[in-house]
Every structure is written in C-alpha cells, then in structure tokens.
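Residues per chain, in single letters:
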Amino acid sequence: MMITTTEFLARTRMDRATLEIWIEEEWLIPIETSPERAFTEADLARAQLIRDLMDDLGVNAEGVGVVLNLVDQVHGLRNALAEVVASARAP
Amino acid sequence: MKDPYEVLGVARTAAPDDIRKAYRRLAKKLHPDLNPGDKQAEARFKDVTAANDLLSDPGKRQKFDSGEIDASGAERTRQQYYKDFAAAGAASPYENSSGFADFGDGEDLFAELFRRQAGQKRRTRGADLHYRLAISFLDAVNGATQRLTLPDGGSLDFSIPAGIQEGQTLRLRGKGAPTRGDGEPGDALVEISINPHRFFVREGDDIYIELPITLAEAVLGARVKTPTPTGAVMLTVPKGSNTGAIFRLKGKGVARRGGVGDELVKLKVMLPSEPNAELEAFLSTWSPGTNDDPRKDMVS
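For the record, the sequence lines run as chains A and B.
The first sequence runs contiguously to residue 91 in my numbering.
The second sequence runs contiguously to residue 391 in my numbering.
Keep in mind the hints are simulated off the structure, nothing from the lab.
In this text, all values refer to a predicted model and were calculated from it rather than measured experimentally.
Even glycine gets a Cβ: it sits at the ideal position worked out from N, Cα and C.
Careful: at least some of the hints might be erroneous.
Cross-link-like lysine to aspartate or glutamate pairs, in silico, DMTMM-like; alpha carbons within 20 angstroms at most [unchecked claim]:
1) K112(B) / D55(A)
2) K120(B) / E20(A)
3) K120(B) / D56(A)
4) K341(B) / E26(A)
5) K112(B) / D56(A)
6) K119(B) / E133(B)
7) K119(B) / E20(A)
8) K341(B) / E275(B)
9) K119(B) / D55(A)
10) K120(B) / D55(A)
11) K341(B) / E20(A)
12) K341(B) / E25(A)
Using C-beta positions, here's what the derived DEER-type ranges look like [claimed, not checked]:
13) T6(A) / D175(B): 38 to 44 angstroms
14) M14(A) / T104(B): 55 to 61 angstroms
15) T305(B) / E24(A): 26 to 32 angstroms
16) R264(B) / E83(A): 44 to 50 angstroms
Example chain A residues on the side facing chain B (calculated, C-beta under 7 angstroms, incomplete) [as the list claims (entries may be wrong)]:
17) A61
18) H75
19) L77
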C-alpha cells in the first residue's frame with residue numbers, strides 16, 4: 001500500500017522542509033515513482049522512530065544518523081540470524 | 092495499571108524536569124526499536140510512556156494526585172514500531188549487512204552452514220587453498236568476471252561482486268585441493284586487493300574525484316563532462332565556482348547490497364597551461380575591488 005507525500009506529511013504531522021532534509025540525509029528512502037514519491041508503512045514507522053529519538057530520547061541530528069545505521073545493522077543481523085536458525089532447524 | 096510515580100521511579104513531589112529526565116533515561120533503555128527482540132522491554136516501555144503522559148501534563152497530574160482520575164485512562168495505543176516492519180523479511184532499502192559482511196557473502200555463509208551439517212557424515216574434505224588477486228579499481232566498483240591463473244597452470248574463472256572492498260575474501264566452492272578420500276574438494280579462498288585509480292578515490296561507498304576546469308568555465312559557468320565509474324556524465328558548474336567547490340552526483344558511487352554511494356566532485360580551477368598574452372593584458376586593466384582580498388583571514 002503506497003502512501004503519497006501529502007498523506008505522509010499529514011500522518012506524521014511533519015513539514016515538507018523537514019521531510020526533504022530527512023530524505024537528503026537518507027534517513028528515509030522513499031520509492032521514486034513518477035510523478036511523485038511514494039512511501040510505505042515502514043517509512044511511516046521509521047519516521048516515528050526518528051521523532052522518538054529526537055523528541056523523547058534527546059538524540060541530536062548527528063546522532064540520529066548513527067543510531068539509524070546501527071538499527072539497520074541490527075535488523076540485517078537479526079534477519080541473517082533468523083535464516084541461520086531456520087536452516088539449522090530444517091531436517 | 093501501576094502507580095506512575097513508581098513506574099518512573101520518581102518521588103510524588105518530583106519537579107517536572109525530574110520527571111522528564113527520568114522518562115528520558117528509561118526510554119533510552121526501553122524503546123522497542125532499540126530492543127527489537129525484547130518483549131519485556133516493549134511492555135515496560137508502554138507503562139513508562141503512559142506514566143509520562145500522565146505526569147508530564149500538569150492538569151492530568153493534578154487530577155491524578157487528587158484522586159479524580161486513575162492511571163488507567165492514560166494508556167495510548169501506539170501505532171506499530173519500525174522493528175515490526177524491519178523484521179518482516181521483505182526486501183528493505185534500509186537493511187544493512189555491514190554488521191556481518193566480513194563473514195563472506197550471505198549465500199556463502201549459509202552454504203557453509205549447510206555443508207558443515209552435511210559434512211559430519213564425511214571424513215575427508217580437501218584442503219582450502221589461498222590466493223591473492225589484485226584487481227582494477229573499476230572492476231571492484233562495477234563488478235567483473237576475473238580469471239585467476241593457478242600455480243599448476245590451470246585457471247579459475249569467477250565473478251567479482253560489485254562494490255567489493257580491499258582485503259575482502261571470495262570463497263570459491265570446491266575449487267581448492269581435491270581430497271584423497273571420497274569427500275568434496277576444498278575451497279579456493281581469494282583475497283582481493285584493489286589497485287588505485289588515476290583519478291578516482293573511494294571512501295566507503297562514495298567516490299571522490301578532483302575535476303580540473305578552465306578559468307572561463309569557473310567564471311562563466313559551464314556544462315562539463317565528468318567521469319564516473321559507470322561512464323561520463325555532464326555536470327553543471329554554476330557561474331563563479333571556485334577551486335574546492337564540491338558537487339554531489341547522487342547514486343554515482345559504489346552500488347552494493349544495502350545502498351549506493353555518491354560521487355563527490357571537487358573543482359580545481361586551472362590557468363591556461365601556456366602564458367596567455369590576452370589574459371595578461373585583460374588582467375592588468377582589471378581589478379576585483381579593494382574588498383576582495385583572498386588572504387584577508389591571514390592578516391594578523
């Protein structure tokens with residue numbers, strides 16, 4: 001289910017300039033479709049995570065990039081580990 | 092619902108600032124996206140958030156203190172967390188394998204695992220053979236098919252994945268020494284080193300290049316042909332671009348699983364290689380104005 005930029009901004013209650021910065025920083029990677037970008041539910045949840053980091057956890061803009069990179073690595077590792085566990089269990 | 096003061100670990104008399112600090116400390120520890128495998132942390136985080144919602148709002152806190160409301164109404168239903176999507180196994184543009192890329196390619200990792208399981212039945216497996224191979228910068232960036240000539244005169248053809256890094260080792264299954272028993276041959280392990288390029292420099296997934304431009308191109312602006320690892324592109328140099336100005340060519344860096352880097356073009360303004368009488372004549376009559384001193388920061 002694709003989400004338009006307008007809907008994304010409304011649901012995250014963020015402004016367009018901030019979104020552009022986040023995309024420029026590659027914190028968010030929307031799908032480039034013509035004529036407009038599209039977002040997924042995962043992008044929405046990721047935007048919420050960035051908001052939590054900045055608003056609730058006191059992480060500054062430089063730190064957000066570091067945290068996201070590590071979070072992405074953790075998920076990469078988790079998914080790889082899940083495959084290893086699944087293949088170890090397979091007969 | 093638990094007592095919100097107890098959940099946050101603050102006194103009933105705590106100042107708003109203490110509540111905020113206590114919440115922040117717990118949230119850093121318990122945020123579900125920072126603990127993707129810990130269900131308990133997620134449950135505790137929910138309590139902590141609810142307690143904070145109640146106590147950080149002076150009106151609600153006062154009503155709670157005077158017994159007008161209890162803690163139960165404060166619970167928010169939170170939308171899903173990012174981890175719920177990242178764990179779905181769907182291809183994600185964010186997923187990052189740099190936490191284990193040095194284990195070898197993902198497929199090799201699992202192949203190795205399968206083989207070890209199967210190998211328990213087998214006694215003898217041929218030895219692994221180690222090789223080193225230097226490849227060109229562009230082959231490392233773009234990927235290529237390579238031939239390795241072996242000491243015994245044979246050869247090995249294999250493909251280099253795009254974005255391979257200095258020192259990375261490729262495992263070629265079954266290309267090692269044969270076994271004397273009835274097991275499989277060993278693997279060939281090829282350690283890759285990358286030769287430097289004449290003008291590209293790689294840092295992580297980004298490519299750096301210093302692009303010489305003429306004085307006229309710098310002053311007047313121009314469209315300049317710029318090499319990238321995948322072929323030249325036209326770069327628009329704006330009017331008045333100086334030496335040191337950097338332009339980013341998005342997506343022209345190293346493409347690897349988990350993302351693609353950029354090419355960063357640094358301009359270098361070049362005077363004509365031969366002395367030029369016309370330019371000299373022009374400059375002797377031209378002045379940039381008294382305010383334009385490039386060394387003004389150096390005046391002590």
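The hints, checked one at a time:
1. Proposed proximity of K112(B) and D55(A) is supported: the alpha carbons are some 13 angstroms apart, at most 20 angstroms.
2. Only pairs whose Cα atoms come within 20 angstroms are accepted, and K120(B) paired with E20(A) is rejected, the gap being roughly 30 angstroms.
3. Taken as a hint, the K120(B) and D56(A) pair is honoured in the structure, with Cα atoms around 12 angstroms apart against an allowance of 20 angstroms.
4. With a CA separation close to 11 angstroms, the supplied pair K341(B) and E26(A) stays within the 20 angstroms bound.
5. Restraint check for K112(B) and D56(A): the C-alpha separation of about 10 angstroms stays at or below 20 angstroms, so the hint holds.
6. Of the supplied pair hints, the one linking K119(B) and E133(B) holds, its CA atoms being roughly 12 angstroms apart against a limit of 20 angstroms.
7. Between K119(B) and E20(A) the alpha-carbon distance is near 27 angstroms, which puts this suggested pair outside the 20 angstroms criterion.
8. A C-alpha spacing of about 46 angstroms is found between K341(B) and E275(B), which places the hinted pair above 20 angstroms, so the restraint is violated.
9. Straight-line distance between C-alpha atoms of K119(B) and D55(A) comes to about 12 angstroms, which keeps the hinted pair within the 20 angstroms bound.
10. Pair hint K120(B) plus D55(A) holds up; C-alpha atoms about 15 angstroms apart against a cutoff of 20 angstroms.
11. Between K341(B) and E20(A) the CA atoms are separated by roughly 15 angstroms; this keeps the pair inside 20 angstroms, and the hint holds.
12. Distance check on the hinted pair: K341(B) and E25(A) sit about 12 angstroms apart at the alpha-carbon level, within 20 angstroms; holds.
13. With their beta carbons about 24 angstroms apart, T6(A) and D175(B) fall outside the hinted range of 38 to 44 angstroms.
14. As the Cβ distance of M14(A) to T104(B) is approximately 36 angstroms, the hint placing it in 55 to 61 angstroms is violated.
15. Range check, T305(B) to E24(A): Cβ separation about 31 angstroms, and the 26 to 32 angstroms hint holds.
16. Checked against the hint of 44 to 50 angstroms, the pair R264(B) and E83(A) fails, with Cβ atoms roughly 18 angstroms apart.
17. Evaluation of the A61(A) hint against chain B yields a violated restraint, the C-beta minimum of about 17 angstroms exceeding 7 angstroms.
18. Below 7 angstroms, beta-carbon pairs count as interface contacts, and H75(A) has one with chain B at about 4 angstroms; its hint therefore holds.
19. Hint status for L77(A): holds, given a least beta-carbon distance of 5 angstroms to chain B, under 7 angstroms.
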